[in-house]
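From first to last, the protein sequence lines are chains A and B.
For what it's worth, this note's numbering labels the leading residue of the first sequence as 1, then goes sequentially.
For what it's worth, this note's numbering labels the leading residue of the second sequence as 1001, then goes sequentially.
The set of hints was computed from the structure by calculation and includes no laboratory data.
Any given hint could be a false lead.
[Unchecked claim] For lysine-lysine, the following DSSO-like pairs were computed, each having C-alpha atoms within a straight-line distance of at most 30 Å:
#1 K18/A to K1057/B
#2 K1058/B to K1042/B
#3 K18/A to K55/A
#4 K1071/B to K3/A
#5 K70/A to K1042/B
#6 K1068/B to K1057/B
#7 K1037/B to K71/A
#8 K1068/B to K3/A
#9 K1022/B to K57/A
#10 K55/A to K70/A
#11 K70/A to K1071/B
#12 K1042/B to K1057/B
#13 K3/A to K1058/B
#14 K1058/B to K1099/B
#15 K57/A to K70/A
#16 K13/A to K53/A
#17 K1071/B to K1022/B
#18 K1058/B to K53/A
#19 K57/A to K1071/B
#20 K3/A to K53/A
#21 K1037/B to K55/A
[As the list claims (entries may be wrong)] Only part of the chain A face toward chain B is listed, based on derived beta-carbon distances under 10 Å:
#22 G16
#23 V19
#24 F20
#25 E22
#26 Q37
#27 G40
#28 L43
#29 Y50
#30 K53
#31 M54
#32 E56
#33 P61
#34 Y64
#35 S67
#36 L103
#37 F105
The beta carbon of each residue, even a glycine, is placed where N, CA and C say it ideally should be.
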Amino acid sequence: DVKVTQSSRYLVKRTGEKVFLECVQDMDHENMFWYRQDPGLGLRLIYFSYDVKMKEKGDIPEGYSVSREKKERFSLILESASTNQTSMYLCAVPSTGTGANVLTFGAGSRLTVL
Amino acid sequence: GENVEQHPSTLSVQEGDSAVIKCTYSDSASNYFPWYKQELGKRPQLIIDIRSNVGEKKDQRIAVTLNKTAKHFSLHITETQPEDSAVYFCAASDFGNEKLTFGTGTRLTIIP
Chain A
1 DVKVTQSSRY LVKRTGEKVF LECVQDMDHE NMFWYRQDPG LGLRLIYFSY
51 DVKMKEKGDI PEGYSVSREK KERFSLILES ASTNQTSMYL CAVPSTGTGA
101 NVLTFGAGSR LTVL
Chain B
1001 GENVEQHPST LSVQEGDSAV IKCTYSDSAS NYFPWYKQEL GKRPQLIIDI
1051 RSNVGEKKDQ RIAVTLNKTA KHFSLHITET QPEDSAVYFC AASDFGNEKL
1101 TFGTGTRLTI IP
């Protein structure tokens, strides 16, 4: 199974700061996803990437951008963090060999914006 | 795009009883419906899934049913145990398209 690593588990940032959230996979999979998790709202797709330098907006892309310079790494960028971006961010990668749609999630990055 | 609604948002069940969580979807092109379980402090993990060419699938104490005509699918957990306490998410997609649309989640609490 693919291993998905999110390097930052907890971050506290100030309004207006630029924030980078990184996600690394070890299986060379084309597709990678960033979801945001909020109580009562479930998991909402922010952006996804289907190959190096290729990206597509999800359902809630406003206020976010992404970068995929290497296949194993997918970064979520908050250009100017705001308090309403306080949330849990989950990276996901399809699990190779178990069905195309089965997602393996990272441990999550809990971001607090003050 | 796809919209998935999930009910109830919270559910408390006596240990040993059954629990049912229901979801509806909007896009008739969706044909893959997984369920994820997220225990406290952990990442979501797939517990069962169903494709639209079958109406029901079982795996020990859990089962999923699908009604394509009504565009709804349900998770059934029988003989509930304390370790079933978690948040459960349903999702939908077009199989082959790895982008999942998730429901809003159900917090299931098993009362000992």
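Hint check:
Straight-line distance between C-alpha atoms of K18/A and K1057/B comes to about 46 Å, which puts the hinted pair past the 30 Å bound. Taken as a hint, the K1058/B and K1042/B pair is honoured in the structure, with Cα atoms around 24 Å apart against an allowance of 30 Å. Restraint check: the Cα-Cα separation between K18/A and K55/A comes to about 20 Å, which is no more than 30 Å; the hinted pair holds. Distance hint between K1071/B and K3/A is unfulfilled; the C-alpha atoms sit about 34 Å from each other, more than 30 Å.
For the hint pairing K70/A with K1042/B, the CA-to-CA distance comes to about 27 Å; that is within 30 Å, so the pair holds. As the CA atoms of K1068/B and K1057/B are separated by approximately 14 Å, the hinted pair is consistent with the 30 Å bound. Of the supplied pair hints, the one linking K1037/B and K71/A holds, its CA atoms being roughly 28 Å apart against a limit of 30 Å. Restraint check: the Cα-Cα separation between K1068/B and K3/A comes to about 34 Å, which exceeds 30 Å; the hinted pair is violated.
The hinted pair formed by K1022/B and K57/A meets the criterion: a straight-line CA distance of about 28 Å does not exceed 30 Å. Between K55/A and K70/A, the direct Cα distance comes to roughly 13 Å. Compliance with the 30 Å bound is thereby established for this hinted pair. The suggested pairing of K70/A with K1071/B is violated, with an alpha-carbon distance near 39 Å, which exceeds 30 Å. A hinted pair counts as satisfied when its Cα atoms are at most 30 Å apart, and K1042/B with K1057/B qualifies at roughly 26 Å.
Using a Cα cut-off of 30 Å, the hinted pair K3/A and K1058/B holds, with the two alpha carbons roughly 27 Å apart. At roughly 24 Å between alpha-carbon atoms, K1058/B and K1099/B fall within 30 Å of each other, so this suggested pair holds. Between the alpha carbons of K57/A and K70/A the distance comes to roughly 19 Å, so the proposed pair stays at or under 30 Å and holds. At roughly 27 Å between alpha-carbon atoms, K13/A and K53/A fall within 30 Å of each other, so this suggested pair holds.
Distance check on the hinted pair: K1071/B and K1022/B sit about 11 Å apart at the alpha-carbon level, within 30 Å; holds. Restraint check: the Cα-Cα separation between K1058/B and K53/A comes to about 40 Å, which exceeds 30 Å; the hinted pair is violated. Between K57/A and K1071/B, the direct Cα distance comes to roughly 26 Å. Compliance with the 30 Å bound is thereby established for this hinted pair. Note on K3/A and K53/A: the hinted pairing holds, with a Cα-Cα distance of about 21 Å set against a maximum of 30 Å.
Taken as a hint, the K1037/B and K55/A pair is honoured in the structure, with Cα atoms around 28 Å apart against an allowance of 30 Å. Interface restraint check: G16/A against chain B, minimum CB-CB distance 30 Å, threshold 10 Å, status violated. Violation of the interface hint for V19/A is found here, the shortest Cβ-Cβ separation to chain B being roughly 21 Å, above the 10 Å cut-off. Hint status for F20/A: violated, given a least beta-carbon distance of 20 Å to chain B, over 10 Å.
The criterion of a C-beta within 10 Å of any C-beta in chain B is not met by E22/A, whose closest approach is roughly 16 Å, and the hint is violated. Interface restraint check: Q37/A against chain B, minimum CB-CB distance 8 Å, threshold 10 Å, status holds. Checking G40/A against chain B by beta carbon gives a least distance of about 6 Å; that is within 10 Å, so the hint holds. Contact between L43/A and chain B, as hinted, is supported at the beta carbon level, the nearest pair being about 4 Å apart and thus within 10 Å.
A cut of 10 Å between beta carbons decides the hint on Y50/A: the least distance to chain B is about 9 Å, and the hint holds. With a cut of 10 Å, the hint placing K53/A at the interface with chain B is violated, because the nearest CB-to-CB distance is about 18 Å. For M54/A, the shortest C-beta to C-beta distance to chain B is roughly 14 Å, which exceeds 10 Å, and the interface hint is violated. About 9 Å separates the beta-carbon of E56/A from the nearest beta-carbon of chain B, less than 10 Å, and the hint is met.
The interface hint given for P61/A is violated, since its Cβ lies 13 Å from the closest Cβ of chain B, which is over the 10 Å cut-off. Nearest Cβ of chain B to the Cβ of Y64/A: about 16 Å, over the 10 Å cut. The hint is violated. Checking S67/A against chain B by beta carbon gives a least distance of about 19 Å; that is not within 10 Å, so the hint is violated. Interface hint at L103/A: satisfied, since its Cβ lies 6 Å from the closest Cβ of chain B, which is below the 10 Å cut-off.
At its closest, the beta carbon of F105/A sits 4 Å from a beta carbon of chain B; the interface hint therefore holds under the 10 Å criterion.
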